[in-house]
Structures are given as structure tokens and as C-alpha cells.
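**Q** Chains F and L, in that order, are what the protein sequence lines are. With full-length UniProt numbering, the residue at position 108 of the first sequence is 108, and numbering never jumps. With full-length UniProt numbering, the residue at position 589 of the second sequence is 589, and numbering never jumps.
The reader is advised that the hints may include incorrect statements.
The calculated lysine to any residue pairs, modelled on SDA-like cross-linking and capped at a C-alpha distance of 25 Å, are [to be verified]:
1. K495(F) x I547(L)
2. K465(F) x K472(L)
3. K465(F) x K495(L)
4. K472(L) x N500(F)
5. K23(L) x R537(F)
6. K571(L) x I462(F)
7. K571(L) x L460(F)
8. K23(L) x Y536(F)
9. K472(F) x K545(L)
10. K515(F) x K332(L)
11. K571(F) x I540(L)
12. K495(L) x R336(F)
13. K593(F) x T569(L)
14. K465(F) x N489(L)
15. K533(F) x L297(L)
16. K605(L) x R461(F)
17. K23(L) x A507(F)
18. K605(L) x D455(F)
19. K533(L) x R336(F)
20. K472(L) x I568(F)
21. K332(L) x L577(F)
22. K541(F) x R12(L)
Examples of chain L residues toward chain F, derived with CB under 7 Å [unchecked claim]:
23. E100
24. H574
25. N575
Hint data in this document are derived by calculation from the structure and do not stem from the laboratory. Even glycine gets a Cβ: it sits at the ideal position worked out from N, Cα and C.
There are 2 protein chains.
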Amino acid sequence: MMAALKRLLIGRPLKSEGLAEEKLGKFKALAILSSDALSSVAYGTEQILLVLMTVGFTALWYSIPISIAVLGLLTILILSYRQTIFAYPTGGGAYIVSKENLGVPVGLLAGGSLLVDYILTVAVSISAGTDAITSAFPQLHDHRVIIAIVMIAFLTIMNLRGLTESASILAYPVYLFVFFMIALILSGIFKFVTTGAPVTPPTSHDVAISGISLYILLRAFSSGCSALTGVEAVSNAIPNFKAPAAKNAAMTLVMMGLVLGSLFMGISFLAYVYGIAPRTEETVVSQIAASTFGRGLMYYAIQASTALILFLAANTAYAAFPLLASMMANDKFMPRMFTVRGDRLGFSNGIIVLGVLSALLVVIFKGDTEGLIPLYALGVFIPFTLSQTGMMRRWFKIKPKGWGISFLINTIGMITTLVICLIFLITKFSQVWMIFLFLPIVIYCFIRIHRHYQDVAAELRIDTKLDLPGTKGNLIVLPVAGVNRVVLNTISYAKSISENIVAVYVAFDDDAAQKMEEKWDEWNPGVRLVTLKSSYRSIIKPLIKFIDTIEWKKSETDYITIMIPQFITSKWWHNLLHNQTSLFIRAYLFNHKNVTISTFPYHLKR
Amino acid sequence: MMAALKRLLIGRPLKSEGLAEEKLGKFKALAILSSDALSSVAYGTEQILLVLMTVGFTALWYSIPISIAVLGLLTILILSYRQTIFAYPTGGGAYIVSKENLGVPVGLLAGGSLLVDYILTVAVSISAGTDAITSAFPQLHDHRVIIAIVMIAFLTIMNLRGLTESASILAYPVYLFVFFMIALILSGIFKFVTTGAPVTPPTSHDVAISGISLYILLRAFSSGCSALTGVEAVSNAIPNFKAPAAKNAAMTLVMMGLVLGSLFMGISFLAYVYGIAPRTEETVVSQIAASTFGRGLMYYAIQASTALILFLAANTAYAAFPLLASMMANDKFMPRMFTVRGDRLGFSNGIIVLGVLSALLVVIFKGDTEGLIPLYALGVFIPFTLSQTGMMRRWFKIKPKGWGISFLINTIGMITTLVICLIFLITKFSQVWMIFLFLPIVIYCFIRIHRHYQDVAAELRIDTKLDLPGTKGNLIVLPVAGVNRVVLNTISYAKSISENIVAVYVAFDDDAAQKMEEKWDEWNPGVRLVTLKSSYRSIIKPLIKFIDTIEWKKSETDYITIMIPQFITSKWWHNLLHNQTSLFIRAYLFNHKNVTISTFPYHLKR
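Kindly produce the complete structure, drawing on both the sequences and the hints.
**A** Below is the structure:
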């Protein structure tokens with residue numbers, strides 16, 4: 001039944017040969033990889049305005065120069081990452097670039113912050129998407145956590161079904177969002193030009209008197225940088241692209257940058273000219289849409305597509321997390337299970353772990369994950385910086401023709417992102433200090449896991465010249481509960497293995513012991529019976545003691561095999577009618593003694 | 001760690017020889033077996049008043065004659081059951097008496113209704129106890145379910161610790177309750193005699209005009225009969241008494257009848273003379289206590305002891321349910337696990353099942369199990385009737401000296417209880433119809449279980465003269481994942497069993513297959529390697545197909561053994577780092593193929 005449910009949700013298994021077909025084209029890739037970046041439009045401007053509002057309404061004017069600065073930063077990032085894509089056509093995430101150029105520990109730092117960040121991406125995006133829904137339908141506000149969990153479950157299942165299929169389903173909402181945003185920005189500008197703004201926006205002149213500090217400006221700028229999260233997704237996912245992968249990926253990156261830049265500036269401009277201030281119960285985009293179109297069909301369509309793209313932003317992490325986890329597992333820094341491709345060729349374990357952890361975050365924060373945005377943004381800029389540093393080192397090492405310009409671009413990128421990291425640390429320390437707790441723990445785990453795998457490998461390695469199988473004797477211990485067909489069959493089997501067999505009966509009182517011995521003598525199956533007395537009605541303890549004695553007596557050259565008969569019932573509920581003593585014995589002995597356990601099945605006919 | 005927690009909660013294991021010491025003396029038995037019956041005082045009168053109130057305040061006068069009728073019924077029951085105790089000194093519950101005298105199906109009917117009833121006892125008593133608490137502290141009303149569940153958990157643990165120890169802890173509250181009830185009744189009567197009633201109670205004269213019907217009177221009477229639930233506990237538990245068991249049990253039964261009768265009449269009388277009407281938010285006993293003592297220390301002490309005895313009433317079921325379940329399991333009508341005595345000599349499985357099922361009822365009914373009282377009372381009176389009928393049959397069959405009077409007593413008992421069953425069915429059908437659904441299902445289960453055990457016994461029976469173990473060959477299939485020390489050790493072990501060994505490697509692509517074959521040839525461990533190709537990245541499916549082929553080819557005289565190497569890690573978290581493929585293979589093969597599975601352990605050193 002579980003298997004049937006799995007089939008229904010996930011679909012039939014795919015052959016390994018089908019892997020190449022699952023690659024992404026440029027436009028599909030734009031949809032599946034850029035939803036994270038594009039969705040930032042839904043909260044980037046708002047984050048800037050929120051900081052400026054702490055000074056006062058007049059300070060909102062600064063949102064325009066700050067947005068332009070963010071746009072500049074975006075350009076730098078796109079240019080830098082374009083270089084990485086061509087330098088690492090097989091996949092150039094921050095983990096690989098840092099590991100290769102700056103050493104394993106730095107690579108682990110980058111990988112660790114990215115993994116943590118992907119989990120935050122899902123939690124933050126899903127919560128923001130839920131906000132877009134509850135802005136439109138306030139009566140749903142109490143069901144935020146449920147809505148968010150359902151969306152995470154839906155995304156997880158979609159991703160378990162496989163990449164291309166998910167992309168087909170998930171591509172349209174991205175195009176829809178871009179379409180509606182462009183429609184909103186154009187209509188908004190048209191309305192502003194023809195009828196003027198509903199509120200007179202503050203000008204730079206007004207602000208001069210409000211005494212805004214550099215600290216606030218930096219804080220607002222760093223908040224705006226949250227709009228740039230997700231840009232790195234393309235460079236991590238190059239192996240998923242159709243050939244020529246590097247070229248397609250670079251194209252996709254530039255397209256994404258253009259769309260993101262235009263939408264972000266458009267929204268920031270409209271927010272300014274409409275004089276919109278951030279409100280807790282309604283998002284900025286919702287306010288702009290309501291002012292432009294009124295709360296009609298167009299408004300609800302915009303809210304719906306915003307919610308959708310935010311849910312899809314989470315999907316970027318579903319593409320990136322399992323891929324990075326599998327790379328790190330291949331390098332033996334994460335459990336091997338992350339390298340296993342599931343029935344539909346996705347890295348199912350990574351997908352499931354991501355879904356569970358992000359759902360946990362949503363539940364813990366009760367759907368209010370907005371407080372996590374700074375942490376999330378910092379978690380992106382740390383690998384940005386490390387990756388740029390790695391590229392700088394690489395250019396310096398390889399020195400290809402014309403490396404000077406490439407080096408310069410990456411240096412500018414590195415300095416910018418480093419400065420932004422510092423701004424985050426200084427202006428938002430209270431919200432990001434956890435990263436100093438998280439990252440060391442995660443990196444410690446990586447190192448411990450790596451050491452374990454190395455230890456095991458060393459322990460298991462053999463010299464194929466010298467190490468060859470030997471031969472030993474085998475002593476069989478056969479616990480019996482009476483004289484019956486199961487015991488008969490098990491003894492027959494044991495005799496096929498060894499001549500050295502001891503049947504063991506555990507009696508709860510002297511009567512039972514005597515009766516069993518008489519019965520055994522009468523039957524005389526050619527196997528010695530040892531009767532053990534148990535005062536505490538436990539079968540396992542006397543058995544363990546008996547095995548200890550044998551182990552002490554036996555020669556070093558003998559194996560000990562415990563032969564356990566096990567009923568296989570014809571109907572599942574029959575299992576309730578048989579004390580599963582053999583299961584307990586098996587589990588206990590296996591974990592406590594160095595003996596081989598043979599389970600001999602007896603299939604009940606009725 | 002689980003084991004340490006178990007020790008802490010349950011205590012150290014006791015020897016089987018300690019069983020005799022766990023027997024009950026008269027006074028301890030009165031405490032542990034009569035709390036169910038005595039606790040009925042807390043709701044018996046209230047149940048009568050609730051029905052009468054549907055007619056009007058003036059009808060409350062009828063509570064006095066109805067209470068006297070209930071008292072008469074109690075006398076009949078005590079006399080009847082006294083006879084049963086002497087006739088069945090080894091335990092004369094309705095199940096045994098009915099089974100022996102009226103045949104197995106009737107016995108199952110009695111046993112089934114008793115088992116269901118014990119679960120209801122726990123649910124109803126715990127809920128009523130929680131009511132007593134929330135009557136005194138209304139602010140706790142929202143936490144009723146939690147309080148009830150905690151009490152059930154507490155009782156379950158106490159009972160798992162063992163009978164005598166539980167009795168010592170639980171005996172005092174019963175004495176305390178009896179003491180406080182006597183104090184309440186005497187003070188109440190004294191106050192009534194000296195200062196008169198606060199409200200003038202209605203008299204029989206007043207009622208004449210209110211037109212009360214026979215139907216209502218019967219309904220009220222049957223409600224009052226709920227005060228008699230629990231009387232049968234003593235006769236079920238005779239084996240638990242100190243010798244002379246029958247005499248002690250009979251004495252205990254009579255003492256219980258006297259105490260129960262006095263308390264019940266006292267409360268009914270006070271409720272009448274104080275003119276107390278039932279209220280949803282406050283129990284009748286709480287009202288009487290408040291009128292007599294005011295809401296002072298005495299009031300809270302009475303509420304506390306009422307709550308306690310109701311919790312202990314549930315404890316009666318904890319003594320009775322596991323005992324009856326073990327009897328029925330010995331007769332092979334219930335799963336064998338109910339016959340197993342736990343570490344502390346109690347029938348732990350019965351105790352745990354009772355705790356879980358009653359907790360489930362409390363959760364389903366959200367702590368409002370008062371609606372279950374009629375069902376619960378009917379579930380008691382059905383076995384009452386069957387047991388009396390059985391006794392009548394017995395006297396008629398055996399005809400000992402002076403059997404006429406005994407026969408007469410049981411006949412009166414039978415007719416009375418039968419009439420009460422009919423009254424229940426007629427006046428409260430809407431609340432008790434479920435019993436017609438429950439009982440057939442439960443009895444059907446008993447019969448199916450019995451048939452299964454008989455089938456298995458027939459299947460396993462051997463002729464010790466003719467059936468002796470034979471000898472066959474053994475073919476060993478050994479799945480390998482590479483060339484390493486685990487494989488080396490497993491092959492060594494396999495060679496100790498049989499010369500006939502096939503190593504199987506499942507490759508996910510042709511490269512891997514070729515590499516493995518070359519490596520194997522280079523090593524040459526003296527065992528043939530078969531390489532299987534898996535297109536769906538599943539190890540189990542190609543393996544199953546391979547085993548199918550072998551099964552089809554092999555001679556009938558060969559066993560097939562699958563030899564599975566299994567890592568035993570030195571730290572638990574290391575398990576996460578190894579795909580537990582061998583566990584999956586083991587579980588799958590075991591349930592699907594008729595092969596022996598040998599698990600060969602490899603203990604990792606680090």
C-alpha cells in the first residue's frame with residue numbers, strides 16, 4: 001500500500017540512462033533557477049523602506065539612490081559570476097571554487113553557509129508567499145503555518161517527481177509573474193504621468209533637515225541587498241544545463257540580471273512616487289497594485305502571481321540543495337545517502353531533508369520568518385565573497401591571456417561583497433549572530449563525517465595479494481521452544497551447515513525443564529539439548545550467558561552461529577498472535593555479541 | 001537509556017518465585033478491588049436526579065424509593081456473588097462461570113462485554129475524577145483531557161510496578177474517601193436535624209400532580225444501577241487473595257456491600273433533604289459538601305478524596321482486565337502476549353493495552369465520557385445475568401445438599417439483572433445500541449484468533465517416531481559491494497558452511513561492472529562472481545530475479561542461504577553515514593522469498 005502511494009505521488013521509476021534527457025534548456029532554466037532571484041522583487045524594496053521609515057516618512061526619498069546602488073551591485077555580481085561559469089563549466093558553486101583555490105576548510109565554510117542558506121531560502125520564501133496570500137485574504141491569517149507547510153509538502157513531492165517535469169509545471173508562474181510585474185510597472189508609470197501621484201512624495205530637499213545618518217543608509221542598503229539572493233543559483237547548477245552548458249548558463253545569468261534589475265528599479269520607483277510607506281498588515285507590492293488598479297481582478301492576479309513566485313523561489317533551493325549535498329557527499333563530507341538518485345533520478349534524500357528542515361523552521365517561527373531575512377542574506381554574501389576570492393587566486397595562479405581584466409572584475413566583486421558582509425555584521429548584529437554558532441557546528445560535523453569515512457576505508461582496505469579467505473569450524477546454537485515442525489526443519493537446515501549443533505531450551509520453572517528434556521530424549525533428533533533456567537521470565541539473558549560461556553570455551557578457529565526460526569504468517573494480523581521473541585533475540589544478540597545470526601523462515605500456510 | 005528509564009519507572013525485575021508473596025489480604029483487597037464500586041457513590045445519586053429533573057424539581061422526591069430499590073438490588077447481587085465465590089474458589093468471573101455452565105460462546109459473550117467494560121471503567125472514572133477537580137477549580141476546566149491522560153499514565157506505571165506495591169500506595173485514598181463521606185453524611189444529617197434544610201424539599205404529595213410516568217421511573221432506576229458497577233471485581237480476582245482465598249474474598253465482598261450501601265443511601269438522603277438539583281457545572285456531591293461545610297478546608301478535602309477514589313476506581317479495572325485477558329489468552333481466545341508476566345510479575349501487556357485504549361477513549365470524547373455511563377452499566381449487567389444463569393444451571397446439574405436455596409438466590413439474581421438489562425435497552429437505547437455493534441465484532445475476533453492458534457498447532461505437530469531431521473545441500477548467495485575486509489571475512493564464514501558459494505555484484509552501469517570483475521579476478525578469493533546490471537538503481541530487484549532463477553534451477557534437495565554482511569558501528573550516529581542497504585535487503589527477501597538469511601556482523605573499531 002505504501003508502495004502504491006509512492007507510485008501515485010512520485011511516478012514510476014526512471015532508468016539511469018534517462019539522466020541526460022533531464023537537462024534544462026535556457027528558458028526552462030531561467031524559470032526554474034531564477035525564481036529565487038526574481039521573487040526578491042516582492043520584498044527587496046520593502047526591506048529598504050522599512051529601515052528608512054525608522055527615521056521618518058521624509059527619509060523615503062533615499063530609497064531611489066539606494067536602489068541604484070543595489071542595481072550597481074547586481075551588475076558587478078553578474079559580471080563576476082559570468083567569469084566563474086566559463087572557468088568552471090562542470091559546475092562552479094562557491095563550494096567548488098573555494099575548495100579548489102583556497103583549500104578544503106574555506107570550501108567547507110562556503111558549502112556550509114550555502115546549505116544552511118538553502119534551508120532559510122525555503123522557509124523565508126514560503127512565509128513571504130503566505131504573506132502575499134493573507135494580504136489579499138486577511139481571514140486566512142490564522143492558517144498561515146498550515147498553508148506554508150502544505151506548500152512545502154507540495155514542492156517536495158514535485159521535486160521528487162523529477163527536474164524536467166517540475167520545471168514544465170513551474171515555469172509558467174515565473175513568466176506570469178514577470179508579465180504582471182511589467183504590466184504593473186508600466187501602468188503605474190502611465191498613471192503617474194497622466195494623473196500624478198496620490199500623495200506628494202518627499203524630495204531630497206525635505207530630508208536635509210531630517211538628519212539621516214550614514215549608519216541608517218548602510219543599514220537600508222544592506223537590507224536592499226536581500227534582493228540579490230538567489231543570483232548564485234545558476235553557477236551551482238551548470239551540470240543541469242543542456243550543452244553547451246557554460247554558454248547557456250551564462251546567457252541565462254545575464255537574462256536573469258536584466259529582468260531582476262528592471263523589476264526591482266520599477267517597483268522602487270513606483271513605491272517612491274506613490275509615497276508608499278511599509279505597513280505590517282499589507283506588503284508594499286500589494287499597496288502599489290491596489291493604488292494602480294484598485295482592488296479588482298488585476299490586483300488579485302498580481303497578488304496570486306507574487307505568492308506563486310515566492311513559493312517557486314523555494315523551488316530554487318530544491319534544485320540547489322540536493323546538488324550541493326551530493327557534491328559534498330561525494331567528497332565524503334556528508335552522509336553517503338545524499339549521493340543516491342531516487343526512482344525519478346533526483347537526489348531524493350537531499351530533497352526530503354530540505355523539505356523537513358525548512359518545514360521545521362516554519363513551525364518553530366510560526367510562519368513569521370521575516371526576522372530571518374538578514375541571516376539569510378548574510379548566508380548568501382559569505383559564499384559570494386569566498387567565491388570571488390577563489391577566482392582572484394585562480395587568475396593569479398593560471399594567468400591566462402588577458403587575465404588582468406578578469407582579475408579586476410573579481411577583485412571589485414570580492415571587495416564589494418566583503419564590504420556588504422561587514423555592513424551586515426555591524427548594522428544587524430542582533431539578527432545575524434547565530435551564524436557564528438551555526439557555521440562552526442556544521443563545519444565540525446563535516447570534518448567528523450570525513451574522518452569517519454577515512455577510518456572505515458582504512459579499516460576495510462585489504463591487500464588482494466596477501467588477504468585471502470581462510471576456513472574455520474562453525475558451532476551452531478539453536479534456541480528451541482518445544483518439539484514441533486519448525487524445530488524439525490531448523491535442525492535439518494543446521495545439519496546442512498555443521499555437525500556441531502547445540503539446541504537450547506530456556507525453562508521458566510523446573511517442571512517445564514524436565515518435561516522438555518523427556519520429550520527431547522523420546523524424539524532424539526541427533527542434536528544435544530541444553531536446558532537453561534530463567535528466574536526472571538527472560539529468554540535473552542540466560543541465552544547471552546550461555547553464549548558467553550561458549551565463547552570463552554571455544555577454540556579461536558570456530559565461528560558461532562545463532563540459528564533462529566521465525567514464523568512468517570500468511571496474514572499480517574496473525575503477527576499480533578505470535579510473541580515476536582525471535583525478533584527481540586535477533587536484535588539484542590546482533591548488537592551485543594560478535595555472532596552470526598541465521599534466520600530460518602517457516603511460512604505458515606494458514 | 002530506554003532500559004534505564006524502564007528501571008526507574010517500573011523497578012528492578014522480580015523472580016518468578018516471588019509470585020505467591022504478591023497476594024492480597026482482606027483489607028488491602030477491599031481497597032484495591034472496591035474503589036470502583038465505592039466510587040459509584042460519586043455519580044450514582046446524580047444519575048438518578050438527572051433523569052427525574054427532566055420531569056421537574058418536584059419529581060426529585062422519587063430519588064428516595066429508587067435509591068432503596070437500588071439498595072435492594074445490591075443486596076441480591078452480593079448474595080448471588082457470595083455463592084459464586086464459594087463455588088469457584090479459583091476465580092469465578094462471569095467468563096469462567098458462563099463458559100463452564102453455558103458453553104464457550106456464552107462465555108465469550110460474558111468475557112467480551114467485561115473486557116470492553118473495563119476499558120469504559122477507566123475512561124468513565126478518570127473523566128468523573130477530573131470533573132471533581134474542575135468542580136473545585138473551574139480554571140482547570142480547559143485542561144481536562146491532559147489531566148485525565150496524566151492520571152491514566154500514572155495508574156499504568158503504578159500497575160506495571162506490581163500489585164502489592166500499588167495496593168499499599170493506593171489503599172489510603174480509599175479509606176480516606178470512606179472517612180470523608182461518613183463525616184459528610186453524619187455532619188449533613190446533624191445539620192439537617194438541628195437547623196433544618198436550606199430548601200424545602202418536595203414531598204410525595206407534590207408529585208402526584210406532576211404526572212410522572214413509569215417510563216421515567218424505570219429510566220431513573222436504571223441510571224441508579226450505575227452505582228452497582230464494580231461489584232463483580234471481587235469474584236474475578238479470587239486467585240489474588242491470600243489463603244483461604246474464597247473465605248477472604250466473600251468477606252471482602254460483604255464488607256464492600258455494606259460500605260457501598262450506607263454511603264449511597266446517605267448521599268441520596270442528603271441530596272433529597274437539601275433539595276439539591278443536578279447542575280452541569282457542579283457535581284451533586286460538591287453541592288452537598290458546599291451546603292454542609294461551606295467552601296472551606298473540609299469541602300476541598302472531600303473534593304480531593306472524591307477525585308482520588310475515582311482515579312482509583314480505574315485501578316480496579318487495572319487489576320481485572322489483565323487477569324481476564326490472561327485467562328482468555330490461556331484458552332487461546334486472545335493473543336498469547338497477554339499471558340506473559342512482566343519484570344514485576346504483573347501481566348504487563350494487558351496493563352499497557354488497557355491504558356492505551358482508555359486514554360484513546362478519553363481523547364476521542366474530549367474528557368466528556370458521561371455519555372458512556374449507560375453503555376458501561378449495561379456492559380456490567382450482561383455478564384451479571386449470564387453469570388447468574390450459569391450458576392442456576394450449575395446448581396441444577398450438581399444438586400449439592402440444600403441446593404434449593406442457592407438456586408433460588410441465583411434465580412432471583414438472574415431475573416433482577418435480566419430485567420435491568422431490558423430496562424436499559426428500552427429506556428436508553430439511543431445510548432447503548434453500540435453494544436450490538438461492539439460485541440459481535442469482539443466475539444468474532446475471539447473465534448478467529450482461536451481458529452488461528454488451532455491451525456498453527458495442527459501445522460506444527462510432528463510424530464516424534466517418524467519425523468526426524470534430514471540432510472540437504474546448501475547454496476550460498478553473497479551480495480558484495482566491492483573488494484574489502486568485510487567481503488573477505490564473510491567469504492571465510494561462508495566457506496565454513498558450504499563449498500557452494502556465489503558472490504553477486506549489482507552494477508549500476510557497464511563501467512562499474514567491468515571494473516569489479518577485473519578486481520575480483522585479480523583477487524581471486526576462490527568464489528565465483530556474478531555481475532548483475534540494474535537500470536533503476538535498485539539493488540533488491542536484480543537480486544530477487546537472480547534468486548528466482550536459482551530457485552528454478554536448483555535441485556529440490558538444496559537450501560538457499562543469503563549471506564548479508566552488516567556493519568555494526570561503534571557510535572550510534574555513524575549509522576547515519578552508512579546506507580542501511582543490508583537491512584532493506586534482509587527485510588524484503590525475508591518477507592518475499594523462502595530463503596534463510598544469515599547476517600554476518602562486522603564490528604567497526606572506530
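**Q** Taking the numbered hints from earlier one at a time, note which ones the structure violates and give those numbers from smallest to largest.
**A** Hint check: 2, 9, 12, 15, 23, 25 fail, others pass.
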